[in-house]
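S.K.: The chain contents come next:
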Amino acid sequence: MTSSSIAPATAVDTAEARLRVTALLVATMWLEVLEATARAAHTAKPWLVACAGLVAQLAFTAGEAAVAAAGWQAIGRRVRWSALAPRLLVASAAETLAVSIAAGRAHLPRGWALALAGPRAAESAPPHGLAAAFAAVGLLAIVRLLLSAWLQARAARASFASAITLVLALWLGSRLAVWWTFDLLQGRSFQP
Amino acid sequence: MKSRGRGALPLERAATLSLALAVATLAALGIAWWRDGARPYATPVWETSRFVQLAPATETRGERWLVAVNLRCPHCKEHLRSLARRIASRAHPPALGVIVVDQPARPARLDLDLSGVSLAAGAWWDSAQVWRDGWGRRVYGETFRFDARGHLITATPVGTLPDSGRRL
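Protein chains in written order, with this note's numbering: chain A, 17 to 208; chain B, 144 to 311.
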């Protein structure tokens, strides 16, 4: 008789595995949405663009998870990067729908498109950095932030209030970065 | 409760370092943005004396549309060609011209392939970086619509018809 060295799976392990499978599904959703968006924009190699977009999305999520892990550490909670990264990817599922709407694939009335995906659903390009930074603010962006905070609060065994404060702080930091970068790249171009 | 273990420390350090790096990058970006915003830039005025002539202007009356072209930018050259095609059929077209920007040395030749359309407002080399440093402009293909006296009417991006705001 041989003794097994494999420990039985706990409920936590199962939940974690389920979360990672969901994260994988969200990654495929990103690939599909990016490919369709590239195809709609008549890009020469839509699959190549979609793969590059997915790599960028995963890299962004990895960076976001690293900064979030450090943020949690700063407020006295230890959360592994490997626990945060799949949760952030799962939370980005709402964004895939927003990107589809903004690309005009959802065939929604204009008012609904703007409410769900934010001002980026309008065809006009943002005139300045502030508009560019908040062009994606719609109901789906709010869903993403709330979902991210809820998932992170569970991972960190912290209150939802702490999680949403951290998520909002990091999100605002990223918006400032977009605002300032856009303005620096554009300079005074197009100003009268 | 799990002990921290030695393996966790490099990860914690990496997380702290990434946060510090993100904060430092944001602060540097903010300072650069604030300094750029505080810098005074002049409103564009068309004065040929500030530019080096590459091709002479054949029309000096009426409106002038000058496109900021970088010779290595295919999009702004395509925009220039689209503009030229779009105004060619007009009874009184504006004088189309080019400002060659971010070009350290005088270009040997203007390879713009306008298919026979003349640049009535001429072609000008921005040797003194007026476009970037004087006017604070940074996006190639921007089209300046000047009135007959050289005053700016509008400045529009690539793909836009300057006098209507419509897509080309």
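Hints in this document: simulated from the structure, not taken from any laboratory. One or more hints might be untrue.
Chain B stretches covered by chain A per the calculated footprint, using a threshold of three residues with CB under 8 Å from any CB of chain A [as the list claims (entries may be wrong)]:
(1) 167-175
(2) 214-220
(3) 229-243
(4) 293-307
Heads up, incomplete: computed chain B residues facing chain A, CB under 8 Å, no partners named [what the hints assert, rightly or not]:
(5) 155
(6) 158
(7) 159
(8) 162
We treat Cβ as the ideally placed atom computed from N, Cα and C, and that holds for glycine.
S.K.: Failing hints, ascending?
M.R.: 2, 3
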